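Fit chain X to the known structure of chain B by using the hints.
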Amino acid sequence: MAANEPSRYLARSLPRAIAPSTRAQGPGCRRYASDQASTKASVLSDLELDGSLKATVTPVDAAKSFDPIAKARSRRAQLPRSRYQFRSPKYDRGPLHPHRPPPPSDPSSRLFVPGPFSLPRVGQTYESTVASDILTLCYVHNPPGFQPPPKAPRLRSWDDSSPYHKNRPLRGPRGGDVLRLLRKPITFNNIPKLDRITIHSYVKGAADNSSWLHVAGMAIQAISNVRVQTYKAKTSVPAWGISPGRDTVAVKAELRGEDMEHFFGKLVDVLMPRLKDWPGVKGTSGDSSGNITFGLGPEQVALFPEIEVNYDMYPPKMIPGCHITVHTTATTDKDARLLLSAMGIPFYGKIVD
Amino acid sequence: MSLHTTLRRTAASTTTKTPTTFICSQCRHATLLRRPKRPYTFTQLITLSDGSTFTHRTTSPLPIYRSTRDTRNSLMWNPSSNKLLNIEEDEAGRLAAFRARFGRSWDANTPVEAAPGADKDAEAQAKEAEEEEDNLLDLISSFGQEEVGQPKKK
Numbered sequence: 001m002a003a004n005e006p007s008r009y010l011a012r013s014l015p016r017a018i019a020p021s022t023r024a025q026g027p028g029c030r031r032y033a034s035d036q037a038s039t040k041a042s043v044l045s046d047l048e049l050d051g052s053l054k055a056t057v058t059p060v061d062a063a064k065s066f067d068p069i070a071k072a073r074s075r076r077a078q079l080p081r082s083r084y085q086f087r088s089p090k091y092d093r094g095p096l097h098p099h100r101p102p103p104p105s106d107p108s109s110r111l112f113v114p115g116p117f118s119l120p121r122v123g124q125t126y127e128s129t130v131a132s133d134i135l136t137l138c139y140v141h142n143p144p145g146f147q148p149p150p151k152a153p154r155l156r157s158w159d160d161s162s163p164y165h166k167n168r169p170l171r172g173p174r175g176g177d178v179l180r181l182l183r184k185p186i187t188f189n190n191i192p193k194l195d196r197i198t199i200h201s202y203v204k205g206a207a208d209n210s211s212w213l214h215v216a217g218m219a220i221q222a223i224s225n226v227r228v229q230t231y232k233a234k235t236s237v238p239a240w241g242i243s244p245g246r247d248t249v250a251v252k253a254e255l256r257g258e259d260m261e262h263f264f265g266k267l268v269d270v271l272m273p274r275l276k277d278w279p280g281v282k283g284t285s286g287d288s289s290g291n292i293t294f295g296l297g298p299e300q301v302a303l304f305p306e307i308e309v310n311y312d313m314y315p316p317k318m319i320p321g322c323h324i325t326v327h328t329t330a331t332t333d334k335d336a337r338l339l340l341s342a343m344g345i346p347f348y349g350k351i352v353d
Numbered sequence: 001m002s003l004h005t006t007l008r009r010t011a012a013s014t015t016t017k018t019p020t021t022f023i024c025s026q027c028r029h030a031t032l033l034r035r036p037k038r039p040y041t042f043t044q045l046i047t048l049s050d051g052s053t054f055t056h057r058t059t060s061p062l063p064i065y066r067s068t069r070d071t072r073n074s075l076m077w078n079p080s081s082n083k084l085l086n087i088e089e090d091e092a093g094r095l096a097a098f099r100a101r102f103g104r105s106w107d108a109n110t111p112v113e114a115a116p117g118a119d120k121d122a123e124a125q126a127k128e129a130e131e132e133e134d135n136l137l138d139l140i141s142s143f144g145q146e147e148v149g150q151p152k153k154k
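Just so you know, the protein sequences line up as chains B and X, in that order.
For the first sequence, full-length UniProt numbering assigns the number 1 to the initial residue and increments by one for each residue that follows.
For the second sequence, full-length UniProt numbering assigns the number 1 to the initial residue and increments by one for each residue that follows.
Hints listed in this document are in silico derivations from the structure and should not be mistaken for laboratory results.
Careful: at least some of the hints might be erroneous.
A few chain B residues that face chain X, going by a derived Cβ cut-off under 8 Å, partial list only [said to hold, decoys possible]:
hint: 1; residue: Lys90
hint: 2; residue: Arg93
hint: 3; residue: Ala222
Predicted model only: the values in this text are computed from it and were never measured.
Beta carbons: idealized from backbone N, C-alpha and C, even for Gly.
Only chain B is shown next, with the shape it has when bound in the complex (with noise of 0.2 Å):
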């Protein structure tokens, strides 16, 4: 009967030489219900009142008979090679977890990276030239003792015409509720330099074949030394059977350090004058805060020299076309086009800026 058993808690709740053990367990020290009244006073008597500073005291024994390097010379033969290195954990199972992962940069780590193995030629040529030059393009002269004119908040606050106008959140910049980023003026310490490139592309086709989206894969990664990541569709397009959440449609790359400059090199310097009848970039691209955006047809990504090479590996039809974005550290897409034509990006039309 369930009255019968003796409580869990109770136990727990008693203090250890009282505490009746559960294993033996004879007729005699049975406890009802109605006898727990009187137990729960106990309660905080489970609490140590020593802390457990105290209760740590290393025995002496242990400590003198703990001597790793005699051992290790007593040994007679080597551990396996495994016993002196140090594997990190496979999991990760949080910070409370006594055994932790190192982080990604130790060379142990599972999440190391190794790199970068060369300097690239897009990276000097910034070094060298490109970055000297947008700082003395972007020189602006101040003479001594100059103040530039106090600028209008870029949030407006309210004019007190109604009494409804307490305590409401500044007004949005004036023309749309956009707040662009800061433009600070350029110095030494902030050229505007490439930061990583994006290479995106959207198969339409995948959502009932997804070996269009395995070709596209192959084909980007070829192209930027670096595995894709796949997308699922956001939003649906009845006209090509695409459904969001269900669909994987998209694969990207994105490309940081070593990878993107040689691939900025490479897209510049042979990809782009091989391209026919490719008048250049156009001037009205960018999100105007720094970020180039162009695009590839297929016809264009198989002029690379990686799918040129072995061009027969991939369906013809397959081959993708993709979105180049260019995000450089420019906050005005002024600044990240006079970066990009320096480093040899050609602009047409109507530059905005």
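Only chain X this time, still in chain B's reference frame:
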């Protein structure tokens, strides 16, 4: 409590047994640290059309890539280069003559200037090369006799 459970168990065994669906999603609050996948890359030497070279890392196994068309010989990157401008070759001047006779002003002017200029350039260059050799010989043979050498030149 136990009475209740026994009762329920018997009831379940006597009546139809409902198929139980186990929720198989594992939850152990551990994230697998996946090793990053990186495609194999080779070092490739790219030779541009003007002979300049640079290396880069690429997935292509070709050790040397010779490009025939790149920034060094395309007009878009060299807008001031005369060599890359698409000027029609008109050595005999027949096109120019045709344009002078039948062409409009806008298309008569520019090529006439360019085409004979190119002809002259080629001839002049050849002459100059010969003259330079002569000059050098002159320099050796007649050092200090400049009055004699100058009329010979032109």
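Do the hints match the structure? See the list:
| no. | hint | in the structure |
| --- | --- | --- |
| 1 | Lys90 | holds, 6 Å |
| 2 | Arg93 | holds, 5 Å |
| 3 | Ala222 | holds, 5 Å |
Checked against the numbered hints listed earlier, the structure breaks none of them; every hint is satisfied.
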